[in-house]
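My request is simple: use the sequences and hints to build the entire structure.
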Amino acid sequence: MIKYLLIAIAIVGMGWMLYPLVADFQTATELNALATEYVNGSMNDLNVPNVVTAVVVTYRGLDTLGEVTVLFLATAGIGFLLRRKGHPTGKRRPGSEILKIGSAFLAPLIVLLGVYIFTHGHLTPGGGFQGGVVIASGMLLLTMAHIDFKFSHTLIHWAESLSGFTYVLIGLLGLLLLGVNSFLDPRFLAGGKWLSLFSAGAVPVIYSFIGLKVGSELSSVIDSLQDGGNEV
Amino acid sequence: MMVMICGIILILIGIWAMLSRKNIIRIIIGFSIVDTGTHLVIVAIGYVKGATAPILDASIQMGNVADSGMRVLSKVVDPVPSALVLTAIVIGLAVTALLLAFAVRLYRTGHSLNINDYEEQKW
Numbered sequence: 011m012i013k014y015l016l017i018a019i020a021i022v023g024m025g026w027m028l029y030p031l032v033a034d035f036q037t038a039t040e041l042n043a044l045a046t047e048y049v050n051g052s053m054n055d056l057n058v059p060n061v062v063t064a065v066v067v068t069y070r071g072l073d074t075l076g077e078v079t080v081l082f083l084a085t086a087g088i089g090f091l092l093r094r095k096g097h098p099t100g101k102r103r104p105g106s107e108i109l110k111i112g113s114a115f116l117a118p119l120i121v122l123l124g125v126y127i128f129t130h131g132h133l134t135p136g137g138g139f140q141g142g143v144v145i146a147s148g149m150l151l152l153t154m155a156h157i158d159f160k161f162s163h164t165l166i167h168w169a170e171s172l173s174g175f176t177y178v179l180i181g182l183l184g185l186l187l188l189g190v191n192s193f194l195d196p197r198f199l200a201g202g203k204w205l206s207l208f209s210a211g212a213v214p215v216i217y218s219f220i221g222l223k224v225g226s227e228l229s230s231v232i233d234s235l236q237d238g239g240n241e242v
Numbered sequence: 017m018m019v020m021i022c023g024i025i026l027i028l029i030g031i032w033a034m035l036s037r038k039n040i041i042r043i044i045i046g047f048s049i050v051d052t053g054t055h056l057v058i059v060a061i062g063y064v065k066g067a068t069a070p071i072l073d074a075s076i077q078m079g080n081v082a083d084s085g086m087r088v089l090s091k092v093v094d095p096v097p098s099a100l101v102l103t104a105i106v107i108g109l110a111v112t113a114l115l116l117a118f119a120v121r122l123y124r125t126g127h128s129l130n131i132n133d134y135e136e137q138k139w
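For the protein sequence lines, the chains are A and B, in the order given. Count along the first sequence from 1, add 10, and you get the number used in the numbering used here. Count along the second sequence from 1, add 16, and you get the number used in the numbering used here.
What the hints contain is simulated information worked out from the structure, not anything from laboratory work. Cβ coordinates follow ideal geometry from the N, Cα and C atoms, glycine included. Misleading hints may appear alongside valid ones.
Here are the computed distance ranges between Cβ atoms for each label pair [stated by the list, open to error]: (1) A:M11 <-> B:I131: 15 to 23 Å; (2) A:T79 <-> B:D133: 28 to 36 Å; (3) A:R102 <-> B:S75: 19 to 27 Å; (4) B:Y123 <-> A:L186: 45 to 53 Å; (5) B:G66 <-> A:I12: 45 to 53 Å; (6) A:L109 <-> B:I45: 22 to 30 Å; (7) B:S128 <-> A:G51: 50 to 58 Å.
Take a look at the structure:
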């Protein structure tokens with residue numbers, strides 16, 4: 011009884027804490043100064059049509075680097091918690107015929123779609139994070155369809171570490187070529203033509219590496235959950 | 017406004033689920049619900065009345081303003097909350113996977129998913 015009372019108090023307290031947010035909130039009718047600066051700067055300085063990408067990769071690039079680090083730590087934690095100590099893999103039911111044939115057809119297309127999403131992240135909705143998740147979902151489909159499907163661990167580890175390393179390296183390249191205050195500044199490559207694939211300086215390059223990083227991290231999450239999640 | 021209220025309701029439901037359920041898997045589901053609610057609230061904060069997505073293609077008007085060069089004239093939503101939510105969704109996925117890994121590990125050592133069976137962490 012006392013427990014339910016405490017839970018009710020906690021929820022009412024939380025609701026009370028969030029109430030002013032709703033009560034005083036009015037939907038904005040125009041952009042604030044900072045967002046206006048980002049939208050115009052994305053067009054004039056960076057040549058990036060997708061402003062969200064400009065914010066993720068450039069204006070808040072350091073923040074994104076931190077997010078990728080959090081993702082890496084979570085993956086490392088999962089690998090650590092679920093590592094196997096020489097136990098044989100438990101028996102799994104093989105995928106059905108429909109799943110096997112369907113995955114043979116769909117998996118390459120899904121991976122291709124993922125690559126498309128992260129290479130066009132500066133032009134259309136999408137980008138490295140979304141593309142990476144799409145690639146990982148293709149890997150999940152393959153894992154479900156074939157019981158003996160194994161990722162190449164060396165390949166995944168190399169993709170993971172190389173893409174993370176190159177991401178930081180490109181950031182440092184901006185620092186080197188454009189002077190102080192320009193860590194992760196993509197403008198050391200040419201701006202290019204508006205709305206073309208090879209434009210926006212280093213933004214698509216950075217976002218592709220983020221996509222590879224996210225894709226390989228999440229694939230290794232799937233791998234450890236599938237590999238180490240068996241009952242001992 | 018509606019979206020923000022829905023988000024806050026989701027946050028409260030999730031907290032209730034985390035506090036009142038005994039099964040670890042259900043606690044993790046509660047965490048996921050809080051996560052989704054937070055995303056809705058953040059997106060709602062960035063909304064601008066009658067605006068479109070901040071992707072500057074053919075449907076967005078751009079033009080020269082007398083003394084400040086090229087400017088975007090159409091209304092677009094605030095890109096910063098969208099960018100934050102975009103990364104937060106993927107991070108939320110990874111953190112949920114980490115929580116599930118903890119659940120697997122706990123089940124392996126304690127053979128139970130009931131939170132009351134793990135008393136070492138109680139004060």
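Here is what the structure says about each hint:
About 19 Å separates the C-beta atoms of M11 of chain A and I131 of chain B, a value consistent with the hinted range of 15 to 23 Å. Taken as a hint, the range 28 to 36 Å holds for the pair T79 of chain A and D133 of chain B, whose Cβ atoms sit roughly 34 Å apart. Checked against the hint of 19 to 27 Å, the pair R102 of chain A and S75 of chain B fails, with Cβ atoms roughly 49 Å apart. Restraint check, Y123 of chain B to L186 of chain A: a C-beta distance of roughly 50 Å satisfies the suggested window 45 to 53 Å.
A hinted range of 45 to 53 Å holds for the C-beta pair G66 of chain B and I12 of chain A, which are about 50 Å apart. Checked against the hint of 22 to 30 Å, the pair L109 of chain A and I45 of chain B passes, with Cβ atoms roughly 26 Å apart. Separation of S128 of chain B from G51 of chain A is about 55 Å and conforms to the stated range, judged on CB atoms against 50 to 58 Å.
The structure fails to meet hint 3 from the earlier list, while all remaining hints are met.
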